Amino acid sequence: MNTTIMLFLLQDGITNGAVYALLGLALVLVFAVTRVILIPQGEFVTYGALSYAMLATGQVPGTVKLAVAMGVVAFGLDLFFARKALHARLVLRSVALNIVFPVALLALTYALVGRNTPIAINIALALLIVAAIGLFLYRIAFQPIAHTSVLVLLIASVGCHLALQGLGLVFFGAEGLRGPALSNAAVSAGPLRFTGQSLAVYGLTVAFIVALWLFFGYTKTGKALRATAVNRLGARLVGIRTTLSGQIAFLLASVIGAISGILIVPITTLYYDTGFLIGLKGFIAAIIGGLVSYPLTAVAAILVGIVEAFSSFYASNFKEVIVFFLIIPVLVLRSLAAPAVEEEKD
Amino acid sequence: MSTLLSVADVHIAYGKVEAVRGVSLEVGANEIVTIIGANGAGKTTLLNAIMGVLPLRGRTSFAGTDMAPSDIEDRVATGLSLVPEHRELFGTMNVEDNLELGAFRIAKAVAAQSLERVYALFPRLKERRKQLAGTLSGGEQQMLAMGRALMGAPKLLMLDEPSLGLAPIIVADIFRTVGELRAAGVSVLLVEQNAQAALQIADRAYVMELGEFVLQGSAKDIASNTRVAASYLGFQHEGESAI
Chain A
1 MNTTIMLFLL
11 QDGITNGAVY
21 ALLGLALVLV
31 FAVTRVILIP
41 QGEFVTYGAL
51 SYAMLATGQV
61 PGTVKLAVAM
71 GVVAFGLDLF
81 FARKALHARL
91 VLRSVALNIV
101 FPVALLALTY
111 ALVGRNTPIA
121 INIALALLIV
131 AAIGLFLYRI
141 AFQPIAHTSV
151 LVLLIASVGC
161 HLALQGLGLV
171 FFGAEGLRGP
181 ALSNAAVSAG
191 PLRFTGQSLA
201 VYGLTVAFIV
211 ALWLFFGYTK
221 TGKALRATAV
231 NRLGARLVGI
241 RTTLSGQIAF
251 LLASVIGAIS
261 GILIVPITTL
271 YYDTGFLIGL
281 KGFIAAIIGG
291 LVSYPLTAVA
301 AILVGIVEAF
311 SSFYASNFKE
321 VIVFFLIIPV
331 LVLRSLAAPA
341 VEEEKD
Chain W
1 MSTLLSVADV
11 HIAYGKVEAV
21 RGVSLEVGAN
31 EIVTIIGANG
41 AGKTTLLNAI
51 MGVLPLRGRT
61 SFAGTDMAPS
71 DIEDRVATGL
81 SLVPEHRELF
91 GTMNVEDNLE
101 LGAFRIAKAV
111 AAQSLERVYA
121 LFPRLKERRK
131 QLAGTLSGGE
141 QQMLAMGRAL
151 MGAPKLLMLD
161 EPSLGLAPII
171 VADIFRTVGE
181 LRAAGVSVLL
191 VEQNAQAALQ
201 IADRAYVMEL
211 GEFVLQGSAK
221 DIASNTRVAA
231 SYLGFQHEGE
241 SAI
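Chains as they are written, first to last, in the UniProt record's numbering: chain A, 1 to 346; chain W, 1 to 243.
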């Protein structure tokens, strides 16, 4: 291998690694706040990417209708659980969030969709659609069982993944899609050529990591989310609603997933079920980070990306095997280092 | 004196086992009330249920409003606060962040004033404000737990065993602070195994045994009750036998 090839592989690995880093951070965030291992993270990626790709071709993606349907179910759940103490304020809030927001989004999508719609508007629409789905997914599938064990939450998570993947096939079909690049600019540095797209990937990843750091370190809401992760009862005792923390975590995770999807869909063809594999690589990074450490997760994600790039060069048939094998030494090391703990009851 | 907290005929069960049976109690404005009793009498269970951590059967009202439909977060918003036995601090966050989160539901300007008051009450916390809560000593953690609860400007502060596992000199400090809270317009419902210290600062007291109140009255009367003296204060009056 010569230096040029190595540089190319490194560049490729870092670009993919940056996307895995975003997904890994979202997984750590959701797990820390809600104890849910977010398997459907990959679906947020495909939904974001393919909704964006469909909007770019002037079609209305089925995801926006799913958002409306999920909103109606979420509204029903809100009413059902609050049936003993139904305040007007509560109902109005629920109508605004669960009915007005997705319906407005549906109307907006139909009004704006077209072949010549600017890329920025398509991105915004795709993000809003996936954000709504993420929010309602928490309300419908996880909020009612928020107090149960990690295992129950994991089973629900797998169920959501299967359901959303199946719906993905209905919405986007079995054919792969590609979306338009965010920018066609390119810069050359020696033998390397940096496309606008890959620069956007680096830029957005760094921006997101900095933004998350500022959010969790310096804002009241961010600190409240951390507090919920550290001690749920303690958080409730100071008046932090853990359901709201869960909603914010899912909202952030779905937006991060959708952004990752929109970033990669101009580079690789995505299918309705590609997201799962991409999400799993973020998951590997999150596991290496112990599902708690954000910096370790980001570093591990870059490592996963680089290992993937090199193994696809040397042994492309075994690319995924090599990447997923990374998790085994990590788990062995962790099981040796960490004392046996019983799952904490909530 | 107006009634702040009223609890009537409350039952609390863990599955089929009733831990608290038919308990009624009241706490007035600007009053310090204590519940004393042996380990396992149901004191902590009662406090947790009043806060909404555990479900209960019976009538409860706070500041004249029925508490049944409200959850923990609503109760915090109406001015009820619990410092639990295990303190439930945010261990990986620093002292100042813990206190700041105590004022989660309070306007920023008011929270700044509360912070000054809490630092005046516990100067040690100000010295340690950048230290992680999990690395504080037991006494400092108790101060932080109380400080965090006070940041929310509660009308009634419920303290669960604040003296547990602390050195006597720190216990004295904690109880002195509880006494000072009354001057700041905060009522206190204190659950304690250290009956002597609790009865000294309280206005009224309830004695709990096996999930029921067996005695109630002014703290003075309870302290001089022979049965209480024998069981909880560690001495016997002549000619009496301990129960």
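Please keep in mind that the hints were generated in silico from the structure rather than gathered at the bench.
Just so it is clear, the structure is predicted and the values come from calculations on it, not from any experiment.
Ideal placement from N, C-alpha and C gives every residue a C-beta, glycine not left out.
Keep in mind that the hints are not guaranteed to be accurate.
Said to hold, decoys possible - From chain W, some residues computed to sit far from chain A (all C-beta separations above 12 Å):
no., residue
1, Gly22
2, Asp71
3, Glu73
4, Asn98
5, Ala149
6, Ser224
What the hints assert, rightly or not - Not everything, but these chain A residues come out facing chain W in the computed CB check (under 7 Å):
no., residue
7, Leu86
8, Arg89
9, Ile140
10, Ala141
11, Pro144
12, Thr219
13, Gly222
14, Lys223
15, Ala227
16, Val230
17, Arg236
18, Leu237
19, Leu244
Hint check:
1. The beta carbon of Gly22(W) is kept farther than 12 Å from every beta carbon of chain A, the shortest such distance being approximately 24 Å.
2. Distance check on Asp71(W): its Cβ comes as close as 8 Å (rounded) to a Cβ of chain A, failing to clear the 12 Å threshold; non-interface status is violated.
3. Not every CB of chain A is more than 12 Å from the CB of Glu73(W) (nearest about 5 Å), against its label as outside the interface.
4. The Cβ of Asn98(W) does not lie farther than 12 Å from every Cβ of chain A; its closest approach is about 8 Å, which violates its non-interface assignment.
5. Separation of Ala149(W) from chain A is inadequate, the least Cβ-Cβ distance of about 8 Å not exceeding the 12 Å criterion.
6. No beta-carbon of chain A comes within 12 Å of the beta-carbon of Ser224(W); the shortest separation is about 36 Å.
7. The criterion of a C-beta within 7 Å of any C-beta in chain W is not met by Leu86(A), whose closest approach is roughly 10 Å, and the hint is violated.
8. Against a cut-off of 7 Å between C-beta atoms, the interface hint on Arg89(A) is violated, since the closest Cβ of chain W lies about 13 Å away.
9. Checking Ile140(A) against chain W: minimum C-beta separation of about 20 Å lies over 7 Å; hint violated.
10. Violation of the interface hint for Ala141(A) is found here, the shortest Cβ-Cβ separation to chain W being roughly 21 Å, above the 7 Å cut-off.
11. For the restraint placing Pro144(A) at the interface with chain W, the shortest Cβ-Cβ distance is roughly 15 Å, beyond the 7 Å limit, so the hint is violated.
12. Nearest Cβ of chain W to the Cβ of Thr219(A): about 11 Å, over the 7 Å cut. The hint is violated.
13. For Gly222(A), the shortest C-beta to C-beta distance to chain W is roughly 10 Å, which exceeds 7 Å, and the interface hint is violated.
14. With its C-beta approaching chain W no nearer than about 6 Å, Lys223(A) sits inside the 7 Å limit, and its interface hint holds.
15. Checking Ala227(A) against chain W by beta carbon gives a least distance of about 5 Å; that is within 7 Å, so the hint holds.
16. For Val230(A), the suggested interface contact is upheld, since its CB lies about 5 Å from the closest CB of chain W, less than 7 Å.
17. Hint on Arg236(A) holds. Least Cβ distance to chain W is approximately 5 Å, under the 7 Å limit.
18. Taking 7 Å as the C-beta contact cut-off toward chain W, the hint placing Leu237(A) at the interface holds, the least distance being around 6 Å.
19. Checking Leu244(A) against chain W: minimum C-beta separation of about 9 Å lies over 7 Å; hint violated.
Checked against the numbered hints listed earlier, the structure breaks hints 2, 3, 4, 5, 7, 8, 9, 10, 11, 12, 13, 19; every other hint is satisfied.
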